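Asker: Each chain, written out:
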Amino acid sequence: MDFMMNVILSSVRMATPLIFLALAELYSQRAGLVHIGLEGLAAIGSLTGFLVSLITGSPLLGVAAGAAVGILVNMIYAYATINLCAEQIVYGMAINIFAPALAAFIYRVYFGAGSELVQVGLMNSLASMLGVTPTSFIGKLFLEQTPMVYLAYALVIFTAIYFNKTKSGLNFKAVGEYPKAAATLGINVVGVKYVACVICGALAGMGGAYLTTCYTTTYTDGNVAGRGFIALAAVIFGRWSAGGVLLACLFFGFCDALQIRLQVSSFGVPYQFFQMIPYIATVVVLAVIGMKKAGPKGVGKPYLREER
Amino acid sequence: MKKLFALLLTLAMVLSLAACGGGKTEAPASTGDSKEPAAESGKTYKVAMICDSSISDGGWGMACYNAMIAAAEKYGWETAYSDSIDQSAYYDNIVSYCDLGYDLIYAPGNQYTDAVLQAAEEYPDIAFALLNGAESTPSKAANGNVTSLLPDATQIGWIAGALAGLMTESNTIAFIGGMELDTTKGKYEGYKEAAAYVGAQEGKEVKTLDIVYSNSFSASDKGIEFAKAMMDQGADVFFGDASAVDSGARQAIDEANAASGSVKVYDIAQPSDSLGQNECIICSQVTDNSGLVGLSMEAVENGTFGGETIYGTLQNGVLSVGAISDLVPTEIAEKYQGYLDQMTDGSFMK
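Chains A and B, in that order, give the protein sequences. Here our numbering is used: the first residue of the first sequence is 1, the next is one more, and so on. Here our numbering is used: the first residue of the second sequence is 1001, the next is one more, and so on.
Hints in this document: simulated from the structure, not taken from any laboratory. Keep in mind it's a predicted model, so treat the numbers as computed, not measured. Hints should not be assumed to be uniformly reliable.
[What the hints assert, rightly or not] Just a few of them, taken from the derived set where beta-carbon distance is under 10 angstroms, the chain A residues facing chain B:
| id | residue |
| --- | --- |
| 1 | 1 |
| 2 | 3 |
| 3 | 8 |
| 4 | 13 |
| 5 | 107 |
| 6 | 167 |
| 7 | 171 |
| 8 | 221 |
| 9 | 256 |
| 10 | 272 |
Glycine included, each C-beta is placed from N, C-alpha and C at the ideal position.
Could you put the whole structure together from the sequences, leaning on the hints where they help?
Answerer: See the structure below:
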C-alpha cells in the first residue's frame, strides 16, 4: 500500500508539466492549429524560467518570463501558419529545432564556458508556506505541492468550463471545426487563432519553466525529454476534452513513476522492461481509444479567407 | 530568372547545411590559451573533447572538461569541446574535429568506443584517447592510434563502498547508474562488495539496492525520483555514475534532509572533489583525469601515442579521495583511511 501511495505522489509531480503542455496543445488544436513544436517552446521556457529565477531570485517571475518567451517564440509559428498559411507540421518542427538550440546558445553565452553546476532556488510548496509538515498520504498529496500544481488543475477546470459552458468557448471551438461557417457568423477567425497561439505559447512556456523553477534546481539541455510529444499524445487520448487530457497526463505520469519505483524495488529483472512500460501503455491505449474522429475537423488546414 | 534564383538559394542552403554538421551540436568553442607552443617545431597542438552530457552537469562532464583544460594549460595546447551530443551524433562530431586538424580527440566514456574506433580507422594520423575504454579497445584499432585511459572501476567502487559501509546506519545503500556500461557495472560491484566487507568488520550487514539505470546522463528529474524511491526503501548513502542524474538525486536528498531536520542521508560524489556543492556530500572519489589526458598529450608530442591502456589506480595516484566533510566523525574518518591504505598496498578484503 505504501508503494502505491508513493507512486501516486510521484505521478502527480511528474504529470504537472505534461498538464501544462497538453492544455497548450488543446487550446491550439481547438482553434485548428496542430502544434508539434511544444518541445521547443518548453525548452526555451525552461531556460528563461531558470535564468530569470536565478537573476531575480523569484521563481514566480521566472514562470512569468517563461510564459512571455513562449508567447514570443510561438508568434513566429502563428504568423507563418495563420497569415502565410504555411504547413503547420513543418513550422512546428522548425520551432522544435530552433528553440532548444536558442536555449542552449543563450545558456552558453550567459554562463560562458564555465563548468560549475549552477543551482537555483525552487518555489516553496504550500506546506512550507503554511508552515506545516504533513505526514499523512492525503496531507502530502494536497499540501506538499508547489502553487504551479494547483494552477495546473485550476486551469483544467477553467478550460472545461470555458469550452463547454461559455459562448466565447463555443466560438473558439467553431473556429477549429469549420472556420468558414464561423466567419459568416462574424467571429474574427484570424483573431481567435492568434489568441489560441498566445495561450499555447504561454502555457507551454509555463510548463517548461515549471521544470526549472519547481522541479529540479539545475538546467540541462534536453531536460524537457520528450514531454512535448507525450503531451500531443495526451490530447488525442483525452479526446480533446480538458478532463480527458487531465486523465491522460496523470496516466502517463503514473506509468513513468511506476517504472522508476519498480526499477528500484525489484531485483534481477532487466531494467529495460520497466523503461518500456510508459511507451507500451501509450501504444495500447492509443490503439484502443485513440480515434481521431473526436477531434476538431478543421485542424491542420490553413484558413484562406478568399477561398470558397 | 526566378528559377535561377531559386536554384542559387537551394545551392546556398545545401552548402551551409554541409558546413554545419549534424544534429544538436554546438559550434566548437575554442579557448585559445596556448601559453607556449609545445614542440620544438613551434606547432600549437589542439585537443577536442566530445561529451554527451553537459560540461556544467555538476559531475562527469564538468570533471572531464576541467581535466582537459588543466592538462592543456600545463602543456600549452588549444582546446575545443562539443557537449550535450546525441548518441547518433558521436561519430559525426569526432569526424568534424578530425577534419579541422585537431591532434588529439578526447572521448570521456565507454559509450564512445564504437564511434572512436570507426573514426580512428579513417584518420590514422590523429590520436584518440578513450577514457574508460576497455583493455581490448586499443588492439582493435587497426592504425594503432587509440589509447584507453582506464581508471580502475573496481577500486573506484571500493573507495566509495568502504565509506558507505562505515557511514550507513540503516544498512541499506544505493547506486544510481547512467547507462549500462561495463565500467559502471564494475563500479557497482566494487561498491557493493567493499560496503559489505567493511560493514561486516563493523558488525553490520550492509545491503546494496539493485542498480538502477536512468538511461540518460542529463535527466536530473529522473535522479530526483530515483533518490526518493531509494530513500523510501531505506537507503541512506548514495553513490552514482550518472552525471546530471546524480545532481538531481542530491537535490532530493538535500530536500529530505531539510524536511527531517538533520543530515541523515549522505552522498558520495565522483569523479571530482565536489565537497560543498550540496549539503549531503560527505566525500568524493576523485579521478585525476587531467593527469591521464596530460600523459596522452605528452605521448602525442613525442610521437609515442597509441595502442596501449593507461591505467589509473590508487597505487599510481590517478585515483584518490577528496576532502571529507565534517559530517563524518573522526573515528570513522580514521578507520576509512586505514581501509584506503589497505587498498593501496593490496591487502583490502584479503
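Asker: Hint by hint, note whether the structure agrees.
Answerer: Consistency of the hints with the structure:
With 10 angstroms as the threshold, the beta carbon of residue 1 of chain A stays out of range of chain B, its nearest partner Cβ sitting at about 13 angstroms, so the hint is violated. The criterion of a C-beta within 10 angstroms of any C-beta in chain B is met by residue 3 of chain A, whose closest approach is roughly 8 angstroms, and the hint holds. At its closest, the beta carbon of residue 8 of chain A sits 13 angstroms from a beta carbon of chain B; the interface hint therefore is violated under the 10 angstroms criterion. At about 8 angstroms, the closest approach between the beta carbon of residue 13 of chain A and any beta carbon in chain B falls short of 10 angstroms, and the interface hint on this residue holds.
With its C-beta approaching chain B no nearer than about 8 angstroms, residue 107 of chain A sits inside the 10 angstroms limit, and its interface hint holds. Contact between residue 167 of chain A and chain B, as hinted, is not supported at the beta carbon level, the nearest pair being about 40 angstroms apart and thus beyond 10 angstroms. Against a cut-off of 10 angstroms between C-beta atoms, the interface hint on residue 171 of chain A is violated, since the closest Cβ of chain B lies about 38 angstroms away. For residue 221 of chain A, the shortest C-beta to C-beta distance to chain B is roughly 4 angstroms, which falls under 10 angstroms, so the interface hint holds.
The restraint placing residue 256 of chain A at the interface with chain B holds, with a minimum CB-CB distance near 8 angstroms, inside the 10 angstroms limit. Proximity of residue 272 of chain A to chain B holds as hinted, the smallest CB-CB distance being about 8 angstroms (cut-off 10 angstroms).
The structure is inconsistent with the numbered hints 1, 3, 6 and 7, although it conforms to all the rest.
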